[in-house]
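Chains as they are written, first to last, in my numbering: chain A, 11 to 233; chain B, 29 to 263; chain C, 354 to 659.
FYI, nobody ran anything at the bench for these hints, they're computed from the structure. Check each hint, because a few of them may be wrong.
Claimed, not checked - Sample of chain C residues with no beta-carbon within 12 angstroms of chain B, all distances over it, derived:
no.	residue
1	G417
2	E430
3	A433
4	E461
5	P516
6	T555
7	N566
8	S576
9	G579
10	V587
11	R606
12	D612
13	S635
14	A650
As the list claims (entries may be wrong) - Partial selection, computed: residues in chain B whose CB lies under 7 angstroms from chain A:
no.	residue
15	P101
16	V107
17	T190
18	F208
19	K261
20	V262
These numbers were taken from a predicted model, which means no experiment stands behind them. For each residue, glycine too, the CB sits at the ideal point set by N, CA and C.
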Amino acid sequence: MRGAVFLDYVDPWINWAWLSSHVPLVLDALGQHVELTLIAVVIGLVISVPLGVAAHRFRAFRLPVLGTFGAFYTIPSIALFAALVPYTGLSGTTAEIPLIGYNVLILVRNVLVGLESVPEDVIDAADGMGYRPFARLLRVELPLALPAILAGLRVATVSTIGIVTITAVIGLGGLGALIYKGLIESFHTPLVVGAVLSVVLAFFADLALAASQRFLLPWAKAA
Amino acid sequence: MSFLELVWRWFVDPAHWQGSDGIPTRLVEHLHLSAESVAIGALIALPVGITLGHYGRFGNLAINISNTGRAIPSFGLLVIAFQLFGLGDGPIIIALTALAVPPMVTNSYVALREVDRDVKDAARGMGYRELAQVLRVELPLAVPLIMAGVRTSAVQVVATATLAAIIAGGGFGRYIIDGFATQDYTKLFAGAVLVAALALATELSLSTLERALVPRGIRLLKVRVAPRATAIKVA
Amino acid sequence: MNGKRSSVWLIAALAAIATLAAACGATSTSGSPSPKGTITVGGFNFPESTILSELYAQALEHNGYTVNRKPRLGTREVVAPAIKSGQIDLYPGYAATDLEYYNNKAKEASGDVTATTAKLNSHLDPLGLEALTASAAVDQNAFAVTKATAQKYSLTKLSDLAPIGGQLVLGAGPECPSRPFCLPGLTTTYGIHFKDFKPLDTDGPATRAAFKNGTIDVGLVFSSDGDLQALGLVVLDDDKHLEAADNVVPIIRKQVASDEVKSILNKISAGLTTKDLVTLNSQVSLQHQDADAVARAYLQQHNYFS
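Okay, chain A solo, but in the shape it has when bound (with noise of 0.2 angstroms):
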């Protein structure tokens, strides 16, 4: 496939030897993506699930909770990932951060749908059980929540391998890093190789948290 030509140089859309010789560089960009996902998607959940229990538990916090995360959700990422640079520096903190919170407000929303789904005779029949409040959340509760955190998590990791390409611009990028050197370079394989990449990866982290509810609940149909 042809690509671009601005200076009567034919660069193709995928240059073998460049990759193959490159391979560490983009292996490098990958491990750094999975770890900056993987951060981002695990603290948001930490965060989320006591968030979102205490959101549902407490009618007045509900408000605040979604209010703060949903307006830190529409200011564009670029933004919240420069606004950071002088005061995390070029670092992961200053990519989790924003990160992080987009994650809290996905999550959040997910927990509290969860929650509330439950229907009003299973809390009753647990109750009339003899279960405690806090076992009862345990034990009940947050597992017939699970499908719908679930799906919050399939959304928030898709979401977070998206918005970790746009770090490029603070040094980092994961596989961005390489998309961004394909636009300085005016060079087409790291872009390809970096855009192609990412959605793999998303692919494939989607798939299993798909398949990773079959197995944690065998009892739901699969949403």
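Fit chains B and C to the known structure of chain A by using the hints.
Showing chains B and C alone in chain A's frame:
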């Protein structure tokens, strides 16, 4: 002077309201990129989604292609468009349109699928021909969910249009990129505020449009639309 | 009970993922650092800077240092804070432009590279930074037009632009309006007032594309670019000497600037010429070789690896 005061001063400064880097110019640029992309995207996505939803065919395929499409990093999409088509608004609009299509396809397909079977049968029974069924019966019922898709698309496109500045595009993203490049954090912050405000305005105006499009009878029915799952944020 | 089992599995899975992520993080700093220490080399977001930082990085690695590379960080406004705060230890600077950045545009730079570098060091010293020996290789701002534009207005030098500035659009990186050797310099030294300024990129693909489709008439390029002739661009002569001694000079944090490090970097600077820069740049921009391959070939050719 506190940072917020600096930002306020930036907004109040008349110099920032004129010229090629002024707020009105950048607003028009941003709107132009976003509106064209969503409009073209809708022209492609809605007929496809509505038709597939009406006949109930190839829906899963369409939705899977949509989801895969949405996983393409928006940054990558813009750079690919630049390398394919060069500098200017055209390539940016092509990339943003590609981004706008998936949520609208998915939502309009699901919206048509969710129209009550009985209503469709009644329409057929009353003698409506195929196109009339769609236009006069199914679409009005499907409007809320379709509009939700358009709204999601539009807000995402407005946010992603900020990235266009990386490939020398215009719009409010310029304040963010240029502010970062020159360490002018007041400008950067102002740019972020402007984009967030524009995204909010887009959401509100499309909600109003939706309310206007939903037939009075259905609005009175207070049919609850399935809670909208949070859309995948792409920028 | 199924509910309990699921919760336990979920928590176990999360713990496994968290451990994996932590392990990845621990090993991502490639292996155990050398006893000589780690040096982080940064660069600006244009190809020549990547090439220069690769020259430094590979030479240091060859001498037993562990090097972290952080290329394409951005403009000096991003790179300078990074070195000041220790996030990077070294970057390939340009004497005159760096001087005018660190002295807050006090207009101290001149065509004399020794004086310029000395003045630069006087400003870097209190920051814990140091500019090493400047190279003979120079890369200055240069303003170019297409051949067609040059013919249309009979342009050969920058002062030719003064009478017709109001008909022309200037394109450069977003930092240009705040750089003394860029837009402000053109206004004060040459009296040129452009019709408009378009922020594009710093000597990158957007600037080149803007020339091609007529979005800009005059554009900022770099004097050591290797593809100007191939693109049909004409550089206008700096007849009033706006540009100063922008010789390549390593800017390093004193903390990592041991005598050995300094001598390694000075050796590279000593051997580097402007012609070398043009050749290296054209290998990357015209022949699409990779910056690190090009740097390695250069170092081998000049026996830095023996």
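Hint check:
{"no.": "1", "hint": "G417", "in the structure": "holds (36 angstroms)"}
{"no.": "2", "hint": "E430", "in the structure": "violated (4 angstroms)"}
{"no.": "3", "hint": "A433", "in the structure": "violated (9 angstroms)"}
{"no.": "4", "hint": "E461", "in the structure": "holds (21 angstroms)"}
{"no.": "5", "hint": "P516", "in the structure": "holds (22 angstroms)"}
{"no.": "6", "hint": "T555", "in the structure": "violated (8 angstroms)"}
{"no.": "7", "hint": "N566", "in the structure": "violated (6 angstroms)"}
{"no.": "8", "hint": "S576", "in the structure": "holds (21 angstroms)"}
{"no.": "9", "hint": "G579", "in the structure": "holds (20 angstroms)"}
{"no.": "10", "hint": "V587", "in the structure": "holds (20 angstroms)"}
{"no.": "11", "hint": "R606", "in the structure": "holds (20 angstroms)"}
{"no.": "12", "hint": "D612", "in the structure": "holds (34 angstroms)"}
{"no.": "13", "hint": "S635", "in the structure": "holds (20 angstroms)"}
{"no.": "14", "hint": "A650", "in the structure": "holds (26 angstroms)"}
{"no.": "15", "hint": "P101", "in the structure": "holds (4 angstroms)"}
{"no.": "16", "hint": "V107", "in the structure": "holds (5 angstroms)"}
{"no.": "17", "hint": "T190", "in the structure": "holds (4 angstroms)"}
{"no.": "18", "hint": "F208", "in the structure": "holds (4 angstroms)"}
{"no.": "19", "hint": "K261", "in the structure": "holds (5 angstroms)"}
{"no.": "20", "hint": "V262", "in the structure": "holds (5 angstroms)"}
Of the numbered hints stated above, those contradicted by the structure are hints 2, 3, 6, 7, listed in ascending order.
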